[in-house]
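Protein chains: 2
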Amino acid sequence: MKSSFLSLIRVDEAVDLAKSIAPAMPPERVLLDDALGRVLSEDVRSDIDIPGFDRSWKDGYAVFAADTTNATDSIPSMLKLKGRIDMGAGEKMSLSRGECFNIPTGGQMPDGADAVVMVEYTDEVGGDVLVKRPVAVGENVVKKGEDFPEGGVVFGRGEVLSASDLGALAAIGYYEVPVMKKPVVGIISTGIEIVPVDKKPKVGEVRDVNSYLCSAFVRKQGGIPLHLGIVRDNEEEMISLIRSGVDKCDLILISGGSSKDIRDITARVLYTEGEVLAHGVMLAPGKPTIIAKVKDTPVIGIPGHPAATYMVLSVIVRHLLVAMAGFSDTMKSVRKARLVTNISSEKGREEYVRIKLVAENEAMPLFGKSGLLNTIVESDGVIKIPAGREGLEAGEEVEVFLW
Amino acid sequence: MKSSFLSLIRVDEAVDLAKSIAPAMPPERVLLDDALGRVLSEDVRSDIDIPGFDRSWKDGYAVFAADTTNATDSIPSMLKLKGRIDMGAGEKMSLSRGECFNIPTGGQMPDGADAVVMVEYTDEVGGDVLVKRPVAVGENVVKKGEDFPEGGVVFGRGEVLSASDLGALAAIGYYEVPVMKKPVVGIISTGIEIVPVDKKPKVGEVRDVNSYLCSAFVRKQGGIPLHLGIVRDNEEEMISLIRSGVDKCDLILISGGSSKDIRDITARVLYTEGEVLAHGVMLAPGKPTIIAKVKDTPVIGIPGHPAATYMVLSVIVRHLLVAMAGFSDTMKSVRKARLVTNISSEKGREEYVRIKLVAENEAMPLFGKSGLLNTIVESDGVIKIPAGREGLEAGEEVEVFLW
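Protein chains in written order, with full-length UniProt numbering: chain W, 1 to 403; chain Y, 1 to 403.
Worth flagging that the hints you see were computed from the coordinates, not collected in a lab. There may be inaccurate statements among the hints.
Put simply, identical chains are the same to the list, so a pair is met inside one copy or across any two.
Straight-line C-alpha distance at most 25 Å; calculated BS3-like pairs for lysine-lysine [as the list claims (entries may be wrong)]: (1) K220 - K19; (2) K248 - K356; (3) K143 - K199; (4) K336 - K143.
Just chain W, same shape as in the assembly:
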């Protein structure tokens, strides 16, 4: 076994490396009702003009705008009421100068009419309508195809579908939606001290926290977690889990035990069973990260401190999952804030510091021990201190990468 642990790579190099081995997810079709948060696998286009006809956007009267010029409360324009337009009637009316139709919101504009006067500015008197305000051509009318024109691309491949997007997909007829398959992510926990969550740990043992950090993180990022198992210290078992895992999974995450010996077993197995592309990242906590490939399936070895696990998930694995899912990371996960205290940092080394957002978008660094779970539970995200800086100052604006 040759260890390249000492040649640490930078976080951005690790991210690029991880992305370079991300398998693309094949497309599938899901029901519109199940498409929230999914990623479009192809451009979607409208099969119809929306609206399909010139529609009124208000309750009122469809008119020739020119017939209302100079209309006022005291000298209204008087138009002949030619009829009432019903919703969904399908039959198209037509209008001549000096006439108007009563029209509901959403009603189809009659031929000739080019504007709608809101009912508030009218009085119906017998067979006539008094219009007390002028309207401009096009006023209160939504033109055919103004919302989405037939054949136009409504969303491009890679769009992450929001609730309002699903409304638009309904409008353009996507009862089924073409999306990327969710990646299946196998999860292995290692460490001779690890016991399942439903067991009470004896002295020297700890419960399997990392499997759940990984599975919840995968789910949050739109993947399907698959628990492959806990390996205490048996190398054969690890090999067999990895071999069967690569056939079922698009990605495997192995969170190591916290001892160096166990980490060595994970590394040794990855060196013999696959190809180790990087072993060690300039990330604190999170240095002993392994990026490997077994039979074309990316395998990420993650250090076993829960806080280090979460950092590696958020800073490296996240980008891998995003690349697999085929979307660009959204702006909503980054937020500007002001530092409330100075943070010192070793120059020449990129550092990530967990922070908590406090009132008025202020970022408070949490300097907990990296092994403690409560520091990740309390934090809202991390900020990056670039390698070229010796620290950040209170009052400085920082970008918070929300967990």
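Got chain W sorted already, so can you dock chain Y onto it with the hints?
Chain Y only, in chain W's frame:
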């Protein structure tokens, strides 16, 4: 039928009213793996001290801190190596002055030892260890119970569970998690022009957009949407859907057709079948909102313009769902930004304006027609113009409520 449509209430009154009729969700237990985003129904406590023993937080040597005072590279402290501590061994070692144990990260501290010297600052020479830096008492040691003490409340009732929270729940032994049940939300679309999504609309017809806006929104807010059906113009059908719906659902959303006639049918049915608490809200778009109760089940009548539907969902229904789910709305859904242009507004009326976030947290108002879907698809959220203001100015800091 008595209509109270003309007595409009303010948005905050509508929100309070909706919250006042929100039924509380009963608790249930779900597997830890399924608990992401769920809301705790009770306080959860740790059943054990975490860590369960004083642990080393680094690879190195467990020592008496006092034995390292004044240690330097040139004049190291020499300690006798008493042995090596293995992970998960369970057997507790003990240490005398002048001795040390080799200890891995996570290893159990021997009795007597009060600090760990990192391996980087030591040399092993035969049976001795040269320590080249002093350590303080407690350095590189995580004390028993320091992360979570036995019996301590780790999360309170109402906590929305994040990925890192699930890691902490694993640590404290919650293989099953007590959460609030998800509310089942029945959805009815009305309007004689409405056709199902998989049909191609004829002239005068539109596809059922609002059912999907509602269902996706409900899902996003942690509820379970249930499509009750489309009612074109049949009052009996509406009554029967509502009657069967209130038995199956914790909340019913009825999105009206866009015409006044149809809206009247919805209102008339709600006036006869239940109790209408409010009819009309000072919200644009979104004025013709109905807040009602049928047999103790809240029923919200929502206007049929998709953009108005989405506004009412985001500004009113959201709070109702949050109240039902039993959590406080999170800070992540609000974000500060600067307006890029002036917005004028009618004084005395609270207004909500859709905005798009542009580079560097700037908010660009979108002044689209409220009936257009593309304005909600393009927007990231809304800002509120208080009733007392005549508008907002370019450069002003605003709070964006993200969709």
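Comparing the hints with the structure gives:
1. K220 - K19: So K220 and K19 pass the 25 Å test inside one copy only (19 Å; across, 29 Å).
2. K248 - K356: neither (38 Å within a copy, 41 Å between copies)
3. K143 - K199: Only across copies: K143 and K199 sit 22 Å apart there, 65 Å inside one copy, limit 25 Å.
4. K336 - K143: Result: close neither inside a copy nor across copies, 40 Å intra and 35 Å inter.
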